[in-house]
Amino acid sequence: MPQVSLTVNGRPVKVEVEGRTLLVQVLREKLGLTGTHVGCDTSQCGACVVHVDGKSAKACTLLAAQLEGASVTTIEGVAGADGKMHPMQEAFRDNHGLQCGFCTPGMVMSAIDLAKTNPDASEHEIREWLEGNICRCTGYHNIVKSIQAGSAAMRAAK
Amino acid sequence: MYDFAYHKASSAADAASKAKGKSDAKFMAGGQTLIPTLKQRLAKPSDVIDLGGASDLKGISAAGGAVTIGAMATHAAVAGSADAKKAIPALAALAEGIGDPQVRNRGTIGGSVANNDPAADYPAAVLGLGATVHTDQRQIAADAFFVSVFETALKPGEVITKVSFPVPQKAAYMKFPSPASRYAMIGVFVAKTAQGARVAVTGAGNGVIRMKSMEAALDKNWSPAALDGVKVPAGTCNGDIHGTPEYRAHLITVMAKRAVAAAG
Ligand SMILES: Cc1cc2nc3c(=O)[nH]c(=O)nc-3n(C[C@H](O)[C@H](O)[C@H](O)COP(=O)(O)OP(=O)(O)OC[C@H]3O[C@@H](n4cnc5c(N)ncnc54)[C@H](O)[C@@H]3O)c2cc1C
Ligand code: FES
Ligand code: FES
Chain Y
102 MPQVSLTVNG RPVKVEVEGR TLLVQVLREK LGLTGTHVGC DTSQCGACVV
152 HVDGKSAKAC TLLAAQLEGA SVTTIEGVAG ADGKMHPMQE AFRDNHGLQC
202 GFCTPGMVMS AIDLAKTNPD ASEHEIREWL EGNICRCTGY HNIVKSIQAG
252 SAAMRAAK
Chain W
16 MYDFAYHKAS SAADAASKAK GKSDAKFMAG GQTLIPTLKQ RLAKPSDVID
66 LGGASDLKGI SAAGGAVTIG AMATHAAVAG SADAKKAIPA LAALAEGIGD
116 PQVRNRGTIG GSVANNDPAA DYPAAVLGLG ATVHTDQRQI AADAFFVSVF
166 ETALKPGEVI TKVSFPVPQK AAYMKFPSPA SRYAMIGVFV AKTAQGARVA
216 VTGAGNGVIR MKSMEAALDK NWSPAALDGV KVPAGTCNGD IHGTPEYRAH
266 LITVMAKRAV AAAG
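Chains Y and W, in that order, give the protein sequences. For the numbering used here, add 101 to where a residue sits in the first sequence, where the first one is 1. For the numbering used here, add 15 to where a residue sits in the second sequence, where the first one is 1.
Note that these hints are calculated values from the structure, not bench results. A couple of the hints might just be wrong.
[What the hints assert, rightly or not] With the Cβ distance kept under 8 Å, some of the chain Y side facing chain W (calculated, not the full set):
hint: 1; residue: Gly120
hint: 2; residue: Gly140
hint: 3; residue: Asp142
hint: 4; residue: Thr143
hint: 5; residue: Ser144
hint: 6; residue: Ser157
hint: 7; residue: Ala158
hint: 8; residue: Leu163
hint: 9; residue: Leu164
hint: 10; residue: Asp195
hint: 11; residue: Asn196
hint: 12; residue: His197
[Stated by the list, open to error] Pairs of lysine to any residue, SDA-like flavour, derived with a Cα cap of 20 Å:
hint: 13; chain 1: Y; residue 1: Lys131; chain 2: W; residue 2: Met16
hint: 14; chain 1: W; residue 1: Lys23; chain 2: Y; residue 2: Ser172
hint: 15; chain 1: W; residue 1: Lys170; chain 2: W; residue 2: Lys185
hint: 16; chain 1: W; residue 1: Lys23; chain 2: Y; residue 2: Lys246
hint: 17; chain 1: W; residue 1: Lys33; chain 2: Y; residue 2: Pro103
hint: 18; chain 1: W; residue 1: Lys59; chain 2: Y; residue 2: Lys156
hint: 19; chain 1: Y; residue 1: Lys156; chain 2: W; residue 2: Gly68
hint: 20; chain 1: Y; residue 1: Lys217; chain 2: W; residue 2: Ala94
hint: 21; chain 1: W; residue 1: Lys23; chain 2: Y; residue 2: Glu130
hint: 22; chain 1: W; residue 1: Lys73; chain 2: W; residue 2: Met16
hint: 23; chain 1: W; residue 1: Lys100; chain 2: Y; residue 2: Asn219
hint: 24; chain 1: W; residue 1: Lys41; chain 2: Y; residue 2: His225
hint: 25; chain 1: W; residue 1: Lys73; chain 2: W; residue 2: His149
hint: 26; chain 1: W; residue 1: Lys54; chain 2: Y; residue 2: Gln126
hint: 27; chain 1: W; residue 1: Lys59; chain 2: Y; residue 2: Ala258
hint: 28; chain 1: W; residue 1: Lys41; chain 2: Y; residue 2: Pro103
hint: 29; chain 1: W; residue 1: Lys100; chain 2: Y; residue 2: Thr218
hint: 30; chain 1: W; residue 1: Lys41; chain 2: W; residue 2: Asp29
hint: 31; chain 1: W; residue 1: Lys33; chain 2: Y; residue 2: Glu169
hint: 32; chain 1: W; residue 1: Lys54; chain 2: Y; residue 2: Asp142
hint: 33; chain 1: Y; residue 1: Lys246; chain 2: Y; residue 2: His225
hint: 34; chain 1: Y; residue 1: Lys217; chain 2: W; residue 2: Ala91
hint: 35; chain 1: W; residue 1: Lys23; chain 2: Y; residue 2: Ala171
hint: 36; chain 1: W; residue 1: Lys54; chain 2: Y; residue 2: Cys141
hint: 37; chain 1: W; residue 1: Lys33; chain 2: Y; residue 2: Arg121
hint: 38; chain 1: W; residue 1: Lys54; chain 2: Y; residue 2: Arg121
hint: 39; chain 1: W; residue 1: Lys23; chain 2: Y; residue 2: Arg121
hint: 40; chain 1: W; residue 1: Lys54; chain 2: Y; residue 2: Glu130
We put the beta carbon where it would ideally sit given N, CA and C, even for glycine.
Using the sequences and the accompanying hints, generate a full structural model.
As structure tokens, then:
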């Protein structure tokens, strides 16, 4: 079985995988990082979004074997070392950006990528960016508000 | 997903040599089409050869009246490329409109063109601009490249290395996206080139096609109004749950006019 060495949330890991093993399977089943969700498993919903070398990607649509040497960040890896929530997580809580919470890890990871790519995105740009993140609860309104607040907090922290 | 043997290729030549002699090897670029296909067990390759480490397939450059895009350039890279935006803004805008940000961060031009999905966006630009597809073996003109639905002139084991797009005088792409999938219900790429107008349509159902009747009308008069008199027969299009052939044929005219207007 091929072995893959990668960095997950700053920690080097080495795992045995099959060719067909998905990144999300490694995260959830081998590393116990169950914050990354599987909503659709068909590349549509974005519940599985993580960062690969700093860019958002769907962990259900990546083979673990592709990630030799890569650096992966999951929702478990965004809070500070002192346990303080990431400003984007904080903003989702403050703005009631979630209901059941199933989509939230993917939303937050996607939002952080947006805030890095486009630090002051308009409401329209935020909605366009969320094309790949589906939420069945909130109607998106408070998610957009959360991302606006989270982006502002990230700008202020710079 | 059925299991397969996974290989990494360091270059196009390495990929081709690794594919040789395998019963059913598949190249993988961004995997944004291949992985979903494997999950549905619609394909059962013996070997998957990952092009992700092939450094000779990356890069975007503009020179000599053409924009050349390496096969492994992601949609996000093309959308953000200063060279592409300056030389052929319609191409960068097309890339920006593909799927969603996560798909654009991984999906590539080589994968999109090789896959030739009948509703994909890039084939419209390749055909609409009269681009050339370069492989590890030869160069293929756009007009000879797209054969049929999910079928191209590529031979088994042939690797796309880059696509070069001649810079047009003007061009624009307009797509009417399916609200659910973001693939084109109809997408029309129009270009005014030194050799004449080109109009390429994706989403009609049978793979990307040129609309010669529209090209003739635009050669006489480059304006949206020139397309008023051009009737698109419903037989040009397929019907499905998203729209009838008549609806799609009508959309071709609407999108073509919007594209000409946008191109200016
Ligand atoms: C949710 C979602 C939404 C999408 N929306 C759109 C959309 O709106 N418009 C659109 O156009 N597309 C859309 N796509 C498809 C997306 O653009 C894919 O990235 C693209 O079709 C395939 O590119 P890839 O790099 O992922 O290729 P892969 O999936 O890796 O490969 C696709 C095929 O191409 C072959 N291949 C790949 N590279 C080469 C090469 N260099 N030489 C020879 N053969 C090669 C592979 O063997 C495979 O058969 C969407 C996909 C998803 C998951
Ligand atoms: S689980 Fe990956 S996109 Fe839905
Ligand atoms: S909060 Fe329930 S799916 Fe988004």
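Exercise. Which numbered conditions among the earlier hints are violated in the structure presented, ordered from lowest to highest?
Worked result: 2, 10, 11, 12, 15, 16, 18, 21, 22, 24, 27
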